[in-house]
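Trainee: Take a look at the letters that make up each chain.
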Amino acid sequence: MSASLAFPARRRTTGEALAGWMLTAPAALAYALMLLLPTLATIALAFTDYELGADGLAWIGLDNFAELLRDRGFAIALRNTILYVALVAPLSVLGGLALALLIETGTRGRAFFRAVFFLPVVSLPVAMAAAWQYLLHPTIGPLNAALRGIGIEGPAWLSSSDTVLLSLAAIGVWENIGFNLVLFLAGLTAIPRELYAAAEVDGATSGWERFRLVTWPLLGPTTLFVVTITMTRAVRVFDSVAVLTQGGPNKASEVLLYAMYEEGFTYFRLGYSAAITLVFLAIVLALVWLQTKVLEKRVHYA
Amino acid sequence: MQGIAIDRLAKRFGGTTVLRGISLEVAAGEFLALVGPSGCGKSTLLRSIAGIEHADSGTIRIGGQDVTGLRPSQRDVAMVFQSYALYPHLTVEENIAVPLAMRRLSAMQRLPLIGGWMPGPATARDSITHDVRQAANALGLGNLLSRRPGQLSGGQRQRVALARAIVRRPAAFLMDEPLSNLDASLRVQTRREIVAIHRAAGVATVYVTHDQSEALTMADRVAVMQAGEILQVAPPAEIYADPQDLRVATFIGSPRINTLPAEADAEGVLRVAGQAVGLRVAGSGAMTLAIRPEDLQPAGTGIPARMETVEFLGESLLVHLRHATTGTPLVLRLAPEDRETLPPQGELSLRFPVDRALVFGADGKRAAVRSMAPEAVLVG
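First to last, the sequence lines map onto chains F and C. With our numbering applied, the first sequence corresponds to residues 43 to 344, in that order. With our numbering applied, the second sequence corresponds to residues 233 to 612, in that order.
Bound-form chain C, shown alone (with noise of 0.2 angstroms):
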């Protein structure tokens, strides 16, 4: 398989586990954003593959290749860090082509001054030329060649730090959260780009984030890490709909999913503080039920709730409440114009599909819903 292949890769830094067997497959020209709260071992994973961390066992292949004992500049990757990593020396142009002069020139030919007068460099220097000036055109740099770093905006730099990584045409990208240093609006913006920029480029790309709707609305994939762990990998609507694991469910979503404690007794009857609410699970015992806030809906009958406080959203409205009973937060994602269908204040009732419910077992894992009672929505 072309692309990136990651099998059962671990890594300890002193006494912490940081990555703890990790395998995943990035196909070739596919996208896949690793996504997970900081400190779980994404941007370990992500260094690792570059091959500027070394793991401590697994193995890591690459368009074919294993480059498990390999220096990153043999590895055929690029990489964009998350502070951009440009020379602050060298001029727009020099930084692109730092990738290409670094390969395709002798270290006598780079040399300052009397590199230019070494044989045969002409050919490559053109070469470079030409493959500079097509990357930074690429990306809108062209009347910036001959500026600094430090002359550049944010959103300019960040250009810059692309050129760089696609000017060499490697077989794989990766990404160290590029787009966290940029102001709320360029970010929505360069993410499209970074999106157009891999599509053309067609390779392999892993794409470190912990901003969740980047990774839900840029990637073919999403890798949901914690811990040191993969969770799961999914594509995106998959991932947001049909979580394998709570932590899963309760990351990906924002506000975040409703979890409710429950228990389900030996025939599988799932309750929630004594309640049934019409869904039968496989297995028994202490249950969570989650369900999306805008999968909730206010009913005259059902899920007992106090309501708290409502937020404006523009598009929607979040009310928030608390179980009646056992107190727990609530939030229910409405349309502005239901906002008449909530009471005054103070007791309603709540109801949600069944087939939108998603049950976990006590050790987090999703638990098959087994059947269902006859009426598609929670009976009280």
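If we strip away everything but chain F, and leave its shape as in the complex, we get (with noise of 0.2 angstroms):
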């Protein structure tokens, strides 16, 4: 009686069970072709000397990461690029919130200021590039004709050793501020107006003391994506660099992926390349992973 009952039961839940297969057949097998496998290939590849047309491969162990310690260009690479993040993420997630501050606070043209930060994120970053050499160029640049309308004699920004790393900093500023902005425009309307007036009752007089005590702790969350998500796409920072200086002049404006592109596309050294793709990859998850793990329990309140 009992068995005769649980038969069909459990038809139904193989048949469920194949039914769920077939249902996420399409998006698991596209997270395994695009994702997966060539994440795998490109960790098994850093562990080899393989070169692109050459007839075959060796298995090298860890000698390409040791050549990475002994690499000057990659330490030069790791340096330029730690600088940069340390540049363009402060900078655009403290200025996307003051301008975002400074929007919610208007009362006018909020659709207008939203629209003109976010320009530069859905523009072309190689065009954007074009316009930036333009005007950063040593004589014909507007800016420098500026600075020498005022009695100064800029500096060659992206042909400097000097100012080149300062110079891309800045374009990515102005490449993710606007995109911070928008975050941080949609954090500011999820706070609630109560919250404000209570304060104003409790005594919060200036809005200094109300930030602190309303808007800053209650952008937390938005606070922390924020700052990860600005921080991986610094350290990703490429386009400027391919277009503008090529990391040049004399690896002042190297960094880790333009690094790695050189590597595996003008050297063909696939397998160093994979290499340096890893500690890309390793440096991008600790930086989500310290967030996450090591700010969440701060920021989020429910």
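Don't read these hints as lab results, they were simulated from the structure. Please read these numbers as outputs of a predicted model, since none were measured by experiment. Check each hint, because a few of them may be wrong.
One-sided excerpt, in silico: chain F residues whose CB lies under 7 angstroms from chain C [unchecked claim]:
(1) E93
(2) G95
(3) D244
Computed footprint of chain F on chain C, listed as stretches where at least three residues anywhere in the stretch have a Cβ under 8 angstroms from a Cβ of chain F [stated by the list, open to error]:
(4) 279-286
(5) 586-592
The C-beta atom is built at its ideal place from N, Cα and C for all residues, glycine as well.
Dock chain one against chain two, each of which comes alone in its own frame, and use the hints as you go.
Mentor: In structure tokens form, the structure reads like this:
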């Protein structure tokens, strides 16, 4: 009696499981083909001496990573990337927050300013890089022309090793600030109005006090997300370097992804390039892990 | 006068007038309920008293001081919000301490980490901790001090909001529908607690609600608001029994008061659908006769009505009827044992004690019942 009851039930379970697998198959297949396999292939390649066009490849263990440690070019690329992130992330996060607060407090033109600052995010980075090349040109560029107007001889922004990383960082801030602004604006609108009224009644008279008591703490989750996404975007810097400086002059603007690109697609050393990619991947994963694990406890209140 | 005094307060939002010259006085230690349908301007009035909104004209005095142009923090009021408006990142103790810290500590002393090293804050901090614990204990929050609002139930959050309001001993409490987010049983219990807190603190309290039963049970006086005007301010029993405006009569009381269109002739004899009802009023013309459901009773003669349904509520019965000729809906409240007095179905006549009849003129204002018929009940 009980067996005859159990039988159709089990058949339904296997049928459901089959349907479940079939329904997830397209996504699972796409994930495996587009993400999982390439990542695994890169990890495998990093332990070989494979070069594009070579007949075979040999398993060389950690030799690629040992070479990375000795490679002065890689050390410079790593240092420049860290410096770039250290400049771009704080400036574009704080700048985005400041602009969001200004737009939020303003009574008019919200949509206009939001669109203006968001434009760099939706524009083509390569085309924008060409515009920057003109703006920052040492002799015909408007920036130096303006500086000459007030009696200062501007530097060769993109071709001097002293200023090239600063210039790229400025472009990076310009590219990221609009995105952060929109995220912060969304975060600001989610803060209940009654909390500001309560803060007023409780004695928070100045705008700064209300910011400290309400805005900043309640923006916590937004800020965490913005910081994470800005840092990973900054670590990924490539377009502006490739178009404007090609890592020069004298490797002064060499960054991780451009080093990887050069090794892989200029010197065709795919194994070595894969090793750099793994270092890059480790940095990004470490950032995400750090942000979520360490900061999560302090910014979610629910 | 201490307490709150509002004089001809008016406010417009764009093209709509929200407050039409409101004048209202709340004595020190008095509990005033501001009740009205949603959108009547009661919340705007409360927020104007708090200073969160600024009125276009009129004055507000709190504790004898003109506060019309002052900011909320300078008005010495505490407010409880409908959503509680607790700071989600602060513990219960820190939430209650905010109004004290903002006033007793300097900006430097309030800074995290280094604030503790600033000169002189130790005694101020001790006094804050002392006052916070006292307020928390008064509301039974003593063992929740280190929790965050997110870890509390709705009722507990409500208590934290109340503790934050009483901790500073302000000149006035302002409450904006503080119970509307609680479930029904907790609401009834918290009503009594709020009244007890008010009694203990002895400060002027303005309590905004759309729930007339809250207003009637809690308040010393009830102000009924509609369309930006205060229609009547009176103690609960008087608001119920002696409304001065038809809108007050229909808003207060559940089920709604019965209203019958009536006509008064030149001598003031009142007739419903051509039938004299034993009332003589001041004035003539179109009138409205209003009678509470519990004041109507079935009788051999009187207003003819058709019975439709009977609802059993446990402690009483609600009989839904229609006027036999005009079809006006009527409700009659009876004790359950009086069910026997109802005819099995169909037609019956209704009477009411003449001294309980409320008559309103065409303008909605109460019309004086000038003289009554000899009998105390309707004559057919």
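Trainee: None of the hints should be skipped; say for each whether it holds.
Mentor: We went through each hint and held it up to the structure:
{"no.": "1", "hint": "E93", "result": "violated, 55 angstroms"}
{"no.": "2", "hint": "G95", "result": "violated, 58 angstroms"}
{"no.": "3", "hint": "D244", "result": "holds, 4 angstroms"}
{"no.": "4", "hint": "279-286", "result": "holds (count 4)"}
{"no.": "5", "hint": "586-592", "result": "violated (count 0)"}
The structure fails to meet hints 1, 2, 5 from the earlier list, while all remaining hints are met.
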